[in-house]
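The chain contents come next:
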Amino acid sequence: KAGVTQTPRYLIKTRGQQVTLSCSPISGHRSVSWYQQTPGQGLQFLFEYFSETQRNKGNFPGRFSGRQFSNSRSEMNVSTLELGDSALYLCASSPTGTDTQYFGPGTRLTVL
Amino acid sequence: AQSVTQLDSQVPVFEEAPVELRCNYSSSVSVYLFWYVQYPNQGLQLLLKYLSGSTLVESINGFEAEFNKSQTSFHLRKPSVHISDTAEYFCAVSEPSGGYNKLIFGAGTRLAVHP
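So the sequence lines, in the order shown, correspond to chains A and B.
Here the numbering used here is used: the first residue of the first sequence is 1, the next is one more, and so on.
Here the numbering used here is used: the first residue of the second sequence is 1, the next is one more, and so on.
So here's chain A without its partners, still in its complex pose:
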């Protein structure tokens, strides 16, 4: 099976802009989770979607949002970008009934 794919791999934006990141899970996986990785804060949970519904959310401001489509693909949106949003954004998918998550390669977002 193909692994989790994320697009784009690299992105450069300026403050105030918005950005959308995409994640395609492993075939058959219906759960998609998003994480932010920064040198200062480490890996932090953003949110998790299952069957198009957000089931769990981390402690991030409302500028961070997501959605999931009927084919389980997920998008994450960040509005009004700040310099501190520069990070590696990781997506993970999980088979139903397990807590085992499989990660994609990430999207490196740089905010100038």
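If you're looking for bench data, these hints aren't it; they were derived computationally from the structure.
It should be emphasised that the depicted structure is a prediction, and the values quoted were computed from it without experimental measurement.
Take the hints with a grain of salt, since some may be wrong.
Calculated cross-link-like contacts (lysine-lysine; reagent style DSS-like; alpha-carbon spacing at most 30 Å) [what the hints assert, rightly or not]:
#, chain 1, residue 1, chain 2, residue 2
1, A, Lys13, A, Lys57
2, B, Lys69, B, Lys49
3, A, Lys57, A, Lys1
4, B, Lys49, A, Lys57
5, B, Lys69, A, Lys1
6, A, Lys13, B, Lys69
Add chain B to chain A, keeping to what the hints say.
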């Protein structure tokens, strides 16, 4: 709230030497435990996991970890490391009752294997 502590931020070791990367978690409630490895400019790869059953779990590339409930630890070990094991290692925990597929990660341990 659940937290994970990786006691060493960096571990230097010579090739073919044994290594132990330490991980402790805060809560004694039922948990699932994971080790992930991250190579430069890549995502996280699952190394091994403890969900239930035997407290000693092994990976295909020679790593093993032992779940110790009384000490709330899940230390990662390898008897003989290779240069290719140089990477950052993350310990993570999830609570089956605490929310779906929400991993809490430690800060990571950078393993540097020297020839």
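> Taking only the CA atoms, is the gap from B/Lys49 to A/Lys57 under or equal to 30 Å?
Replying inline: Holds. B/Lys49 to A/Lys57 sits at ~23 Å (cutoff 30 Å).
> Has the given pair, A/Lys57 with A/Lys1, been kept, meaning a C-alpha gap of at most 30 Å?
Replying inline: Roughly 28 Å separates the two Cα atoms, so the pair holds.
> Would the pair B/Lys69 and B/Lys49 pass a check requiring their Cα atoms to be no farther apart than 30 Å?
Replying inline: Measuring from Cα to Cα gives roughly 15 Å; hence the hint holds.
>> Would the hint linking A/Lys13 and B/Lys69 be met if the CA-CA limit is 30 Å?
In response: Given pair A/Lys13, B/Lys69 is violated - Cα atoms ~45 Å apart, limit 30 Å.
> Between B/Lys69 and A/Lys1, does the CA-CA distance stay at or below 30 Å?
Replying inline: 35 Å, violated
> Taken at face value, is the distance from the CA of A/Lys57 to the CA of A/Lys13 at most 30 Å?
Replying inline: 25 Å, holds
The structure shown violates the earlier hints numbered 5 and 6.
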